[in-house]
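Asks: The lines below spell out each chain.
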Amino acid sequence: MLHNKNEDYIASVNNYVSGFNDNSFRKLAGKDFKSWPDPLEETWRLSRLGTLARKKIEPIKINFDKSVKSNLNTIGSNIIKFFDGAYREDISSKLPIGVSLKELNETESLSYLSKIKNTNLKNHPSTNASLSCTPSIIKLSVDKNTKILDLIEIHYEGGEESLSVHPVLFIELNENSSLSIIERFNHLGSLIMPLQLIDIKDSASLNSIKIFDDNHKSYNLSAHCVFLSQKSVLNSFSLVKGSQFTRSETHAYLNGKNSKLNLNGVYISGDKQHHDLTTAIYHNVPECVSKQSVRGILGGESTGVFQGKVRVAPNAQKTDGQQMSKAILISDKASANAKPELEIYADDVVCAHGATVGELDDDQLFYLSSRGITKDKARLMLIKAFLKDIINESVEEALHDFIFKEAQFSLSSILKNDLVV
Amino acid sequence: MSLLEIKKARLKLDNKNILNGVSLSVNAGEVHAIMGPNGSGKSTLSYMLSGREGYELESGEILLDGQSLSEMPADERARSGLFLAFQYPVELPGVGAMSFLREAVNSRRKFIGKEEFDHLAFVKEARKEASKMFVKDEMLKRAVNVGFSGGEKKKFEILQMAMLKPKVSILDETDSGLDVDALKIVSDGVNAQRSDDNAIVVITHYQRLLDYIVPDFVHILSDGVIIKSGGPELALEVEKNGYAGMINAA
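Protein chains in written order, with this note's numbering: chain G, 532 to 952; chain L, 11 to 260.
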């Protein structure tokens with residue numbers, strides 16, 4: 532088959548699924564992977580995939596006999612490990628009572644596919660490529676009326692140069708359950724395409740932290756699809772610091788009254804990194820709350836993007852939707868883009884958005900200087916404070932120090948070029 | 011010898027003359043009050059003295075304990091012993107009050123050759139000083155000035171003054187936004203620090219503050235120059251007759 536170079540990867544995905552039944556979930560997903568997103572398409576305009584499309588990459592082939600070595604330390608004792616995009620029971624721990632983990636069978640995978648295909652993530656490259664090439668869809672679920680107090684850690688590692696990895700997850704919180712997870716992405720591979728469907732049933736609540744820290748040559752295109760039922764809660768915080776190019780895209784559907792979503796994040800970017808947090812929040816029923824707060828710290832020649840859409844359906848009265856993005860540029864060559872978008876079809880709502888991009892605040896710098904603190908030290912204090920503020924607001928207290936250290940590590944490396952400390 | 015010497019200070023902002031040759035000499039152990047109507051240049055004077063960028067002198071000189079400040083950035087002036095209590099203290103979300111205080115105090119101590127406080131010793135010292143100012147421990151756990159009431163902000167300014175032990179303190183409209191009780195606490199805090207080794211310049215609109223912090227000298231600033239100087243009775247004259255009469259007479 533002849534194809535132009537930009538379609539190499541697409542051809543290799545199609546090749547990967549060629550041996551499967553036409554009605555299999557893989558083949559159906561692969562069929563829809565026809566091209567990379569058009570850079571003229573509004574949601575991809577600020578994060579173009581042209582360079583990625585020209586790379587020679589193919590889906591990884593999993594070898595479960597390969598012995599694997601993890602580079603990540605654990606915080607607690609409940610660990611789920613993915614390697615090369617595949618769940619590895621041999622290096623994962625037992626999970627607390629009330630939490631179960633299983634591979635979806637073909638029928639269940641088809642249902643997973645159809646759920647995602649009913650959302651606006653249906654054409655996301657990670658939806659189609661990852662459902663085609665994933666070793667299997669892994670479902671993590673919490674029994675109803677079960678509050679899990681222990682933190683569950685999910686580590687994603689492995690990957691190789693010129694190969695793509697496809698961890699696909701289904702997180703289900705049954706009625707009146709709760710769970711806290713921390714996910715860390717630390718791949719070596721060239722292309723990382725995590726896909727997640729998160730279904731939070733009535734009165735259930737999920738605290739989720741994601742740390743994107745894949746190797747600095749890689750591309751991470753993450754897609755998360757969230758369904759919130761009545762009185763359910765999702766508190767989500769992302770720390771984006773790895774990869775050459777990370778785009779984490781979340782679509783959240785508030786389908787039950789009084790559901791609540793906090794979708795916060797920080798990106799710390801240096802060199803020529805490109806970090807993108809894209810969200811779409813659909814208020815489909817009345818009396819739901821969504822709050823987003825995103826901060827960026829950019830050095831070197833990096834670029835940051837926050838684009839967030841809030842759509843309020845005609846009957847979704849008493850919606851409260853807030854969006855705020857703030858970026859600090861610490862080098863002249865860094866840039867940040869913020870693109871909030873409100874689509875409101877109901878009349879009794881409170882929605883607000885704001886965005887700032889700039890340098891540190893002069894009044895704050897002067898206040899610190901007037902107390903004898905050197906200018907560089909003052910700048911460092913304010914940048915750390917900018918980070919600490921959002922971390923403290925978004926993450927449960929027990930994890931403040933851990934997350935702050937993770938952030939500070941990247942901060943030091945981007946600051947050493949732009950700030951003498 | 012004077013601790014603060016301002017000699018014919020001139021300053022322009024946006025091409026407009028704001029200070030038109032201010033001269034003032036403040037000796038150790040003295041409290042001076044600078045009064046003046048809105049727009050007379052009071053706040054500009056405080057920014058100029060503390061070294062805020064954009065408030066550089068066009069001509070003239072300032073000496074702190076005999077040392078010229080002209081080429082000295084704000085942070086170095088502060089370490090050298092100049093302190094500005096802000097009219098509107100700035101909020102610093104995410105910067106803990108205790109660590110901020112420690113950073114500031116240790117910067118100054120290091121500069122003057124004193125041993126820096128370690129964490130524990132500092133907390134002890136800060137709590138001791140804070141209790142004198144009726145600043146609650148809980149406030150020191152918060153971010154600097156975030157969620158502080160107007161009174162708390164001003165108390166925190168004076169707490170910083172107490173801990174930094176400056177040679178010269180400039181109090182810019184410290185009474186603004188204070189109720190009588192808070193005004194008393196803040197003034198007592200300032201008075202407790204009056205000594206033969208330091209000097210205080212109080213910048214204020216109203217005479218009210220000077221009932222609590224009684225100055226040795228009062229100066230009237232108008233249109234960027236000091237038009238009249240005298241003792242505390244001058245403040246009472248302002249209270250009685252307003253600024254207009256004095257300005258016209260000058």
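Worth flagging that the hints you see were computed from the coordinates, not collected in a lab.
Wrong hints could be hidden among the right ones.
What the hints assert, rightly or not - Straight-line Cα separation of at most 27 Å, DSS-like style, residue types lysine-lysine; simulated pairs:
1) G/K919 x L/K175
2) G/K919 x L/K177
3) G/K849 x G/K732
4) L/K142 x G/K906
5) G/K915 x L/K134
6) G/K908 x L/K18
7) L/K194 x G/K908
8) L/K151 x G/K908
9) L/K142 x L/K175
Asks: Check the hint pairing L/K151 with G/K908 against an upper bound of 27 Å on the C-alpha distance.
Replies: holds, 21 Å
Asks: Given the hint that L/K142 pairs with L/K175, does the C-alpha gap stay at or below 27 Å?
Replies: Roughly 15 Å between the alpha carbons, so the hint for L/K142 and L/K175 holds.
Asks: Hey, G/K915 versus L/K134, does the alpha-carbon distance stay inside 27 Å?
Replies: With Cα atoms ~25 Å apart, G/K915 and L/K134 stay inside 27 Å; holds.
Asks: Has the given pair, G/K919 with L/K177, been kept, meaning a C-alpha gap of at most 27 Å?
Replies: Since the Cα atoms of G/K919 and L/K177 sit roughly 34 Å apart, the hinted pair is violated (cutoff 27 Å).
Asks: Hinted pair, alpha-carbon criterion (27 Å max): L/K142, G/K906. Please report holds or violated.
Replies: violated, 31 Å
Asks: Starting from G/K919, check that the Cα of L/K175 is at most 27 Å away, please.
Replies: Distance of about 30 Å is beyond 27 Å: violated.
Asks: With the threshold set at 27 Å, check whether the alpha-carbon distance from L/K194 to G/K908 stays at or below it.
Replies: violated, 35 Å
Asks: Given the hint that G/K849 pairs with G/K732, does the C-alpha gap stay at or below 27 Å?
Replies: holds, 21 Å
Asks: Given the proposed pairing of G/K908 with L/K18, does the C-alpha separation stay at or below 27 Å?
Replies: violated, 34 Å
Going through the hint list in order, the structure does not satisfy hints 1, 2, 4, 6, 7.
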